[in-house]
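There are 4 protein chains.
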Amino acid sequence: MSTNDNQLRIGMVGYAFMGAAHSQAWRTVNRVYDLPARARMTLICGRDPGKVAEAADRLGWAEHTTDWRELVARPDIDVVDICTPGDSHAEIALAALAAGKHVLCEKPLANTVAEAREMAAAAAAARAGGARSACGFNYRRVPAVALMRQLVAEGRLGEIRHVRATYLQDWIVDPQFPLVWRLRKEVSGSGALGDIGAHIIDLTQYVTGQRITGVSAVTETFVKERPLPAESSGLAAQADGGSAATGPVTVDDAAIFLARLDGGALATYEASRFATGRKNALRVEINGSLGSVAFDLERLNELEFYDATRPAAEQGFSRILVTESEHPYLSAWWPPGHIIGYEHSFTHQMRDFIEAVATGGDPTPSFAEALQVQLVLEAVVRSAEEGSSWTVIEPALATTAA
Amino acid sequence: MSTNDNQLRIGMVGYAFMGAAHSQAWRTVNRVYDLPARARMTLICGRDPGKVAEAADRLGWAEHTTDWRELVARPDIDVVDICTPGDSHAEIALAALAAGKHVLCEKPLANTVAEAREMAAAAAAARAGGARSACGFNYRRVPAVALMRQLVAEGRLGEIRHVRATYLQDWIVDPQFPLVWRLRKEVSGSGALGDIGAHIIDLTQYVTGQRITGVSAVTETFVKERPLPAESSGLAAQADGGSAATGPVTVDDAAIFLARLDGGALATYEASRFATGRKNALRVEINGSLGSVAFDLERLNELEFYDATRPAAEQGFSRILVTESEHPYLSAWWPPGHIIGYEHSFTHQMRDFIEAVATGGDPTPSFAEALQVQLVLEAVVRSAEEGSSWTVIEPALATTAA
Amino acid sequence: MSTNDNQLRIGMVGYAFMGAAHSQAWRTVNRVYDLPARARMTLICGRDPGKVAEAADRLGWAEHTTDWRELVARPDIDVVDICTPGDSHAEIALAALAAGKHVLCEKPLANTVAEAREMAAAAAAARAGGARSACGFNYRRVPAVALMRQLVAEGRLGEIRHVRATYLQDWIVDPQFPLVWRLRKEVSGSGALGDIGAHIIDLTQYVTGQRITGVSAVTETFVKERPLPAESSGLAAQADGGSAATGPVTVDDAAIFLARLDGGALATYEASRFATGRKNALRVEINGSLGSVAFDLERLNELEFYDATRPAAEQGFSRILVTESEHPYLSAWWPPGHIIGYEHSFTHQMRDFIEAVATGGDPTPSFAEALQVQLVLEAVVRSAEEGSSWTVIEPALATTAA
Amino acid sequence: MSTNDNQLRIGMVGYAFMGAAHSQAWRTVNRVYDLPARARMTLICGRDPGKVAEAADRLGWAEHTTDWRELVARPDIDVVDICTPGDSHAEIALAALAAGKHVLCEKPLANTVAEAREMAAAAAAARAGGARSACGFNYRRVPAVALMRQLVAEGRLGEIRHVRATYLQDWIVDPQFPLVWRLRKEVSGSGALGDIGAHIIDLTQYVTGQRITGVSAVTETFVKERPLPAESSGLAAQADGGSAATGPVTVDDAAIFLARLDGGALATYEASRFATGRKNALRVEINGSLGSVAFDLERLNELEFYDATRPAAEQGFSRILVTESEHPYLSAWWPPGHIIGYEHSFTHQMRDFIEAVATGGDPTPSFAEALQVQLVLEAVVRSAEEGSSWTVIEPALATTAA
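For the record, the sequence lines run as chains B, Z, L and X.
Here the first sequence is numbered in full-length UniProt numbering, starting from 1 and rising by one per residue.
Here the second sequence is numbered in full-length UniProt numbering, starting from 1 and rising by one per residue.
Here the third sequence is numbered in full-length UniProt numbering, starting from 1 and rising by one per residue.
Here the fourth sequence is numbered in full-length UniProt numbering, starting from 1 and rising by one per residue.
Keep in mind that the hints were calculated from the coordinates and are not lab data.
Check each hint, because a few of them may be wrong.
The list cannot tell twin chains apart, which means a pair is met if one copy fits it or any two copies do.
Claimed, not checked - Okay, derived cross-link-like pairs now, DMTMM-like style, lysine to aspartate or glutamate, Cα gap no bigger than 20 Å in a straight line: (1) K51 - E63; (2) K51 - E91; (3) K279 - E302; (4) K224 - E394; (5) K224 - E186; (6) K279 - E314; (7) K185 - E394; (8) K279 - D362; (9) K51 - D67; (10) K224 - E54; (11) K224 - D76; (12) K51 - D34; (13) K279 - E386; (14) K279 - E154; (15) K224 - D67; (16) K185 - E378.
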């Protein structure tokens, strides 16, 4: 495998919501950015032969297969992009790394800490052979999030005192919404916690540059039994109207937890699929001794920044429209004030991934960083099971926090 | 004591921030509302003879004294209004109730559960003799908060799933801000927790009509030593520049906690004086199975209401400008869209208090309800001391939750 | 007349909406601000004997009368506060000035330019004898508006390019809303234009320090006939249900106009009572070469300020919570972030009026400044009558623009 | 030319800002939507041989040429997509229509009414031969705008009373910003008026279903002389630092105008490139007798809707997150609350264009509708030249207004 011809041939596993989002990004990235390599949409893999053929045609992949092992084995594939549910991440990623492929794996990295640990070890080992790997915490690539990190890193917030992060959705409030795979622990590993809680854990650790050192948690499953699904895709689904069959929801509907960061900040987290009216409300606010930032994914082109070093009478949260050429990722896009959307976070992710891989760098977040998120997820589950008692999280690696 | 002459003679103890706010309300209430009795600003009490005389003149009280016992003993005083720091609430209130006075006591009711319990018992006993009592959780009287409660009570939110409440301020972020009485446990009982956390505990229990049944908590004191104050009033103060003396901060700067409500909802709470840029940001959001509400005290004339029973394509958070004659408390004020301020919550409180007392009703919240808040405050402290372990809160009285 | 005893005895004419707002302000002003004189609520005047007696009792005036001439003639009255509809402003103000009284006259100053001109001349003449006068454009005293003016005056906006001002209400959208006095030209002079358009004309001239030099206008009366009212007060009223009688609406429901300011800016104005959902939406935005400000009266505690001299990546509209002790008028009120309301603009107006009068200064805006507003109102009417043709406005006085 | 093979071969003229935006849309549209034909990015045309070759490679066009006449003449081209400055629209479009091609032409349709009239006539004539044409007012395809139109069409706003529309940018506030083609009348036809004013004219006529019948206008050029540009692309450019040469700005920097709509509404319009801090602020508010809507392009995923038929105490502007499968265009995109960006309006435009052309329908807006916009632009210019006098606009065609 090489990028001598300045090409990166992508093999993507999965064609549902994440597959569509990644396809849009792979298709777009070289049209917008000047990069040292071009992504080729070579091969897509899915279990259903008809559907994967249809997906290949619609999404623009040259070839398709139903066997991910074939994909991993093909010598012309440079990158394996894993967009499947969490229960297959470890197996595919380990095989891909063993085959010397670069790997981009969707989040959460795995369904268990044990798997994640094995993956992180394999990634570190494969790196020596030239394979690179990263986990798809795409929200790091929202320009406003990158700007937040930049402001924190420049010391503009001073000493961090508070983090409050919520990721709120409402797509399963209706008790008749069916039992899709995301509500079954054996496939998804966890519910709101791993699906969306993982995002705010990673995002806040990333933006602050700090590590969560302990948590106290409560989780809840409000609707414990749901109709079996007829069919589903993305986050939409319909119950099988012709059947009265139901099954147990085996994951959390919501998780709330307190945390401390290693720099001394207090933090609150909430992930829920029962927050009526909140569609995709990932909100983060960080208060420091010199300033604060606030972000809302439903208004992802904006960042609120409070600079407490300004003249007292002029202080206020500034609504920065993060759409300007001075902002991360944006000089390649549109004129001032022309907003971008959710999908652009993936295009930016692919940009950074391609650039790192093509130049021998290390794409981020590494599997080790993703393992650190997994450790937090596991601690949350344990604390919730043990009367919310304080549960300590150790660093996965000495170097993780950086 | 009677209100046969349709007058209620008020004796107020305290003349600082709360004293000024209460004075503005007593002065205004009968000018705006038609009520069965008129408040007379008869007597003000404070420890400093010069200052209390000046306060009487400025705030419009007929007489002044430095001895609260004299105030409580005066036969012409109908109502004792307690605006002192928490360490003197119990003694004054118990004496006033013993003297057969109606009592309005600022929040939190007391500095300890033991005191609060004694006060609630005394209030219940005094009621037989005609004395009425209430605790000054004035935010219940913000029209948007009253509207929230109304919407919940009417079932418009359905089953409550989530409560998230924060009360954020930033007035002590500067480590050179002096050690005022609110930072000394022996006077204030606690820090952000009792001062502002008490408000969101009461407000969310009030609005949902539910009781907090358990908590898991973390508290923190970020700045542990501060300069001694030269002098202070309200929330503003200056360090004694001529002195290098400092003292220990003995209260929490911030408290965060998870909770469950007796109706099954999960809740998160945060009270902090270290949230840079947030001046008086009491924010509450409640998500139910049929709708949601969101409120921000910095925009207290607005309520956001999401009605999930509306046509799907039209659902959204409606910004209700709670300034119209159809809204609680507002028909007596200004034309449509003319906003009111913080101080009006006290005027509304006095309206409800006068109306209840003059008609033999029971003003709210009762001391028993305020005791329930105190039990939560104590549980938060205990949980924080015991590794955030889940701490159960019992009902103070069988009838409290209603 | 003197203020040797540090008292200003007020005689107020009118007891409806404006009378209630002024009463609240006179009652409060000395309780909040340290001022060189104290306002005494001496005498209130209204046409209906029963109502004025009731108003005196409720609003807190010592005496009452039905004869404004008696009020003007009384030697113990220092200030005549005119809160009547516009058709009586001139007569009362001229008599009061002739009697050597200080005069505070509600806006618009008069119903015609001729009247306003006579009043301005009389005010200038009476000044020599010690009488002071001002027109009640109370929104100048909203702290955020004062802060806007300050920012402009300090050059923070650079050269002013654009002004856009709207004052939108919706209280007469319903065609069954009755024909109250504000809809009858012989009493009110004009409709939305004079009632609320006058405010944005004055406010924008005040904040920019510039004069409107010409306008092009369109006005409209959407509902031309309305039921006669049973009775009305404030902005609320009910049609006389027992009668089928209607009458013609003789004023504008809405007025829109373009303008130029003498500093070269373009401006757009809109005043309407038919903007469904906008209750009291006075909004002003000003764009300059170095920055911009935006204000909304429904959120009167906030000012948005864009500083184009900030680092490019951090520029944004800052939401300044204009509630801090560093802001105009606010050090006397509540702690950080505790908002004020509509009525406070009157309290601040009385503060400035008392301070100016008691120290021999000139309260603002002067009758001459108010005349300048009147000239704009008249030019708007003329332009609308003459096919929107450009209509020039001359300065009332050489010194008005300052 | 046929679409028998279910393909539409696109030939695009222009490769700057609009060319990039259109390319992204042509590339994406069939990946997201199921359509009766597939767009093929066959040929791109530009004047500079090197740049057009580079653009073809980067943007993904199969072939390139420097001669638009060759493009128009090629038998395999089905659609001519015109993305050049306005001075070449007419010539290219007329030739393409004559050659029987479908034509998509960027807005404004032309630089003069005469050209636009000729184009509309040619489009009508060519239609008989099967050629279809439309003008690229892409903002009609923003989902929130489509939803606005739907609400108006369903009568949810009742009788329209007010329209206020602004399109504010700030990219030429700096007097050193160079004299790019958009500031030269011979190329662009007009300045802010035609570039962005055209959008709000079309959008408001589209959403209300009403026609502007007359205007009164003022235009201004604040900076009359600018440095000559070194090179430019999109809206970004740099002055030629090595040269002191300047040239005259021959277009308007800002245009403001009043209007009436044929349904009786009053309207205000403002287009400016001097609104500091407003980057791409196309804002529209429409007030009707039963409701109102408000839209801001910088938050294009949101629509505010006020429904005055709701219970009085619950009325408020609802922030509808227009990202749901129930909303126009969105069922093909992402899960709930996942926002889209500016570029999606073009993808939606291409979707509608392909669907109409492939099924023999008529894509919108027609050249006749675009001519109607041109008539308004011309009337604005004339009114501004003639002392803002009222200038009537006739319907271009009897059937245009529908």
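Item to complete: Up to 20 Å between alpha-carbons, please classify K51 paired with E63: within, between, both or neither.
Response: within (13 Å within a copy, 32 Å between copies)
Discussion item. Reference check for the pair K224 and E54, CA-CA at most 20 Å: within, between, both, or neither?
Written reply: This pair counts as neither: shortest intra-copy Cα distance 35 Å, inter-copy 58 Å.
Fill in: Copy assignment of K51 with D67, given that the CA separation must stay at most 20 Å
Within one copy only: 13 Å inside a chain, 43 Å across chains, cut-off 20 Å.
Worksheet item: When no copy is named, should K185 and E394 be tagged within, between, both, or neither for a Cα gap of at most 20 Å?
Response: Classified as neither; 25 Å inside a copy, 34 Å across copies.
Item to complete: Go through the copies and call it for K51 and D34: within, between, both or neither, with a Cα cutoff of 20 Å.
Response: Between copies, since 15 Å is at most 20 Å while 33 Å is not.
Fill in: 20 Å Cα threshold - placement of E302 relative to K279
For K279 and E302, the Cα distance is within 20 Å both inside one copy (17 Å) and across copies (12 Å).
Worksheet item: Under a CA distance limit of 20 Å, which applies to K279 and D362: within one copy, between copies, both, or neither?
Response: neither (34 Å within a copy, 36 Å between copies)
Worksheet item: How do K224 and D67 come out at 20 Å by Cα distance, when the copy is not named: within, between, both, or neither?
Response: This pair counts as neither: shortest intra-copy Cα distance 35 Å, inter-copy 61 Å.
Practice prompt. Have a look at K224 and D76 and pick one of within, between, both or neither, based on CA distance no larger than 20 Å.
Written response: neither (46 Å within a copy, 60 Å between copies)
Worksheet item: From the Cα coordinates, with 20 Å as the cut-off, is the pair K51 and E91 best called within, between, both, or neither?
Response: Result: close neither inside a copy nor across copies, 23 Å intra and 47 Å inter.
Discussion item. Checking an output row: K224 and E186, CA cutoff 20 Å. Within, between, both or neither?
Written reply: within (16 Å within a copy, 48 Å between copies)
Fill in: Within, between, both or neither: K279, E154 at alpha-carbon 20 Å
Classified as neither: same-chain Cα gap 32 Å, cross-chain 25 Å, threshold 20 Å.
Comparing the model with each numbered hint stated earlier shows that hints 2, 4, 7, 8, 10, 11, 13, 14, 15 do not hold.
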